[in-house]
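Trainee: Line by line, the protein sequences are chains A and B. One point on numbering: in numbering that gives the first Met the number 0, the residue at position 1 of the first sequence is 0, and numbering is uninterrupted. One point on numbering: in numbering that gives the first Met the number 0, the residue at position 222 of the second sequence is 221, and numbering is uninterrupted.
It should be emphasised that the hints constitute simulated quantities derived from the structure, not laboratory data.
Below, computed lysine-lysine pairings styled on DSS-like, alpha-carbon distance capped at 30 Å:
(1) K130/B <-> K6/A
(2) K112/B <-> K6/A
(3) K6/A <-> K113/B
(4) K109/B <-> K6/A
(5) K289/B <-> K31/B
(6) K113/B <-> K130/B
(7) K271/B <-> K246/B
(8) K223/B <-> K271/B
(9) K181/B <-> K171/B
(10) K112/B <-> K181/B
(11) K289/B <-> K239/B
(12) K271/B <-> K290/B
(13) K6/A <-> K66/B
(14) K223/B <-> K31/B
(15) K223/B <-> K246/B
One-sided excerpt, in silico: chain A residues whose CB lies under 7 Å from chain B:
(16) C3
(17) Q11
(18) I91
(19) A92
(20) P93
(21) N252
(22) A257
Backbone N, C-alpha and C fix where the C-beta goes; we use that ideal spot for every residue, glycine too.
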Amino acid sequence: MSFCRIKSVLLQELRITYSTVGIIMDVFGLSLVSLLLFGFLSLYLTGTQHALAAQFLLLGMLLWDIVRIIQYSVSMGSLWNIWARNLSNMFIAPLYVSEFFLAHLLSGIGKAILVFTLDSVIAMLVFHFNIYQLGAVNLLLFFLNLSIFAFVIGIAILGLIFRYGIGIQAFAWALIPILQPLTAALFPVKVLPTPLQAIAYLFPCTYVFEAARYSLSHGGSDWHSISTAFFMNLFYLFLSTLFFMIMFRNAKNTGQFARNEL
Amino acid sequence: MSEVILQVENLVKTYGSFCAVGGISFAVPRGKVVGLLGPNGAGKTTTIQMLLGVTLKNGGTIHYFGKDFSRHRHYCLQRINFTYAFNTLLERISVWDNLVVFAGLYGIGKPRKKILELANHLEIIDLLPEKYQNLSTGQKTRVNLVKSLLNDPELVLMDEPTASLDPDIADKTLSLIEALRKARNLAILYTSHNMDEITRICDEVIFLDHGTIVAHDTPGNLTKRIATTQLRLTFDDHQKGIDDYLKSHPYRYTFLDNHVVLIDVEENLIPKLLFGINTIDVCILHIEIKKPTLEDVFLQIARGGKNVIL
Numbered sequence: 000m001s002f003c004r005i006k007s008v009l010l011q012e013l014r015i016t017y018s019t020v021g022i023i024m025d026v027f028g029l030s031l032v033s034l035l036l037f038g039f040l041s042l043y044l045t046g047t048q049h050a051l052a053a054q055f056l057l058l059g060m061l062l063w064d065i066v067r068i069i070q071y072s073v074s075m076g077s078l079w080n081i082w083a084r085n086l087s088n089m090f091i092a093p094l095y096v097s098e099f100f101l102a103h104l105l106s107g108i109g110k111a112i113l114v115f116t117l118d119s120v121i122a123m124l125v126f127h128f129n130i131y132q133l134g135a136v137n138l139l140l141f142f143l144n145l146s147i148f149a150f151v152i153g154i155a156i157l158g159l160i161f162r163y164g165i166g167i168q169a170f171a172w173a174l175i176p177i178l179q180p181l182t183a184a185l186f187p188v189k190v191l192p193t194p195l196q197a198i199a200y201l202f203p204c205t206y207v208f209e210a211a212r213y214s215l216s217h218g219g220s221d222w223h224s225i226s227t228a229f230f231m232n233l234f235y236l237f238l239s240t241l242f243f244m245i246m247f248r249n250a251k252n253t254g255q256f257a258r259n260e261l
Numbered sequence: 000m001s002e003v004i005l006q007v008e009n010l011v012k013t014y015g016s017f018c019a020v021g022g023i024s025f026a027v028p029r030g031k032v033v034g035l036l037g038p039n040g041a042g043k044t045t046t047i048q049m050l051l052g053v054t055l056k057n058g059g060t061i062h063y064f065g066k067d068f069s070r071h072r073h074y075c076l077q078r079i080n081f082t083y084a085f086n087t088l089l090e091r092i093s094v095w096d097n098l099v100v101f102a103g104l105y106g107i108g109k110p111r112k113k114i115l116e117l118a119n120h121l122e123i124i125d126l127l128p129e130k131y132q133n134l135s136t137g138q139k140t141r142v143n144l145v146k147s148l149l150n151d152p153e154l155v156l157m158d159e160p161t162a163s164l165d166p167d168i169a170d171k172t173l174s175l176i177e178a179l180r181k182a183r184n185l186a187i188l189y190t191s192h193n194m195d196e197i198t199r200i201c202d203e204v205i206f207l208d209h210g211t212i213v214a215h216d217t218p219g220n221l222t223k224r225i226a227t228t229q230l231r232l233t234f235d236d237h238q239k240g241i242d243d244y245l246k247s248h249p250y251r252y253t254f255l256d257n258h259v260v261l262i263d264v265e266e267n268l269i270p271k272l273l274f275g276i277n278t279i280d281v282c283i284l285h286i287e288i289k290k291p292t293l294e295d296v297f298l299q300i301a302r303g304g305k306n307v308i309l
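With these hints in hand, go ahead and build the complete structure from the sequences.
Mentor: Next up, the structure:
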C-alpha cells in the first residue's frame, strides 16, 4: 500500500466531486431533500400517537444515508473513470486495486461524515431530533458496520460492471434503494411480512437499524445485534472481495475490462 | 546489440475457440521504435492490452527489463507507460489536476517540477488550467503524451497516437515523438494505420495477420519483399501495338484508358521493357515508376496477396 497513490486517487475523487453538479446533487442534495421530507413527516407524526415512529423515521434516514453515500462513492468512482475512458490508464500505472478501493472508501466515509454531521445538526435544530443521544460508542459502531456493508455492496456491484460491462451500470445507483425497505431501515423488522423478515435478517445493516432503534427507545446498547452485524459484515466482506476478484479476473480474461472503455 | 527492454515469447490469447493472438514472439530493444501493423482484427490491440496487463494472456511470457511481467507487474509498470488516441483523461477536471493525479500514481518526487518541465517541452503550459474536456484533439494528444512521459519511462507503448489528428498536427506530434526518442533513448512499440508514419518513425515493423506474425523486418527490407515495381506509361495512339507486345511477354498489365497502361515489372527489367516497347514504333509520352511502399506490403498481406515474399 502506498499512501502517495491513495492520496492521488483521493485527489482525483475530490476534484470530480467538486466539479460535477450531479455528484453534489446525488450526495448532498438528495440527503437534504430526504431529511426535509422525513423531517416534516416526523413533525406531523410527533403530534399524533406515533411519536416514536417519527423518531425511527429520522433515525433510519440519517443512518441509511451512510450506506447510500459510501456505496455510491465506491461504485461511482470507477464509473466516472470508465465513462472518461481513463480507468485502464489508472490500472496501467502501478496502482493496486486495493489502493484504488481504499481511496474510494475513504472518500465515501469523508462525504458520509460531512453529510451526517450537516443533516444531524439540521435534524436537531429544525426537527428537534438529536441522534447523538444514542451515544458516541453506539454511533461509531453503527457507522463502522454501515460503512463495511456499503463497501461490500459497492465492490460487488463493481465486480458485475467490470465483468458484464456498463450495460448494467444502473446497478451502481439503483440497487441500494431496493435494499432500503428490505433491511427495514425506517421501521421495525416485525412490520415486514414473515418471508421478508427472513430476507431482512440476511443483511447486516438490518441488525444495525434494530440496534439503533433499541438504543433510541430503551437506551444503552444492543450488543447482540451490533456484534451479529459486525461478524456478518466480515463474512460478507470476505465473500464480496472474493467475488470481485473472480469477476475482475474474468473481465480481464474475456477482454471485457478493456472493452468497457471502447 | 542494444539491451532488450521488452521480450515477448510465444504470446497466446484465445477467446473460446477463436484465437486472437497465436503464439507471437518479438523484442523491443532500448532506443528502438518497433511498429506493430496489421489489418483490423489482426491482434494488435489484444497484444497491447496483454502487454499492459489489462487483458490476461493464455500462454507465453512477457518480460520487461528481464523480469516476468506476471510476477513483477508493479515493478514493470513503474518503468513503462502507454498512450492511446482514444484513451482520455478525466474530462471534468483540469489538465493540471489530471497530471498531478498520475504523477502521484507513479510516485514522482517533485510532481510540480516534472509536470512543468514536460508541459514546457510539449508546449502545453497554457493548457494546464483548462478542463480536459475543453481541449482540441491535438491538444489532448499532447497532454496524453505528457502523461505518458511523467515517470521517465524506458518504453512507451503508443497505440495509434496520431489517429484523428489533422496532417499538420500529426506531423508535429511525430516530430515530437522522434525528438523524445532521441533525447531519452526511448524504446517505443508503435501501432498505426498510417504507413507513411510507420515508414518514417519505425526501425522495425512487425506485420500481424490473424494473430500471427507474417513479416518482421525493417521498413526498407519489407518493401523489397514486393517483387515488382509498377510502371505507368502514357503513350500515343498505339494501344494495340503495346497490348500485343505485352501479351508476348510475362508481364501483368492493365490499361487505364487508351493511352495509359500500368505494368507490374521487376525493377531490373524496366530498361529491357522500355527498350522493347520502343522497338514497336510507340511514342512514350510519360513514364512514371512507382516503387512499392509499406502500404503496398500491408495491402498485399491484408488481401492475402501472392506478390509478397514472406
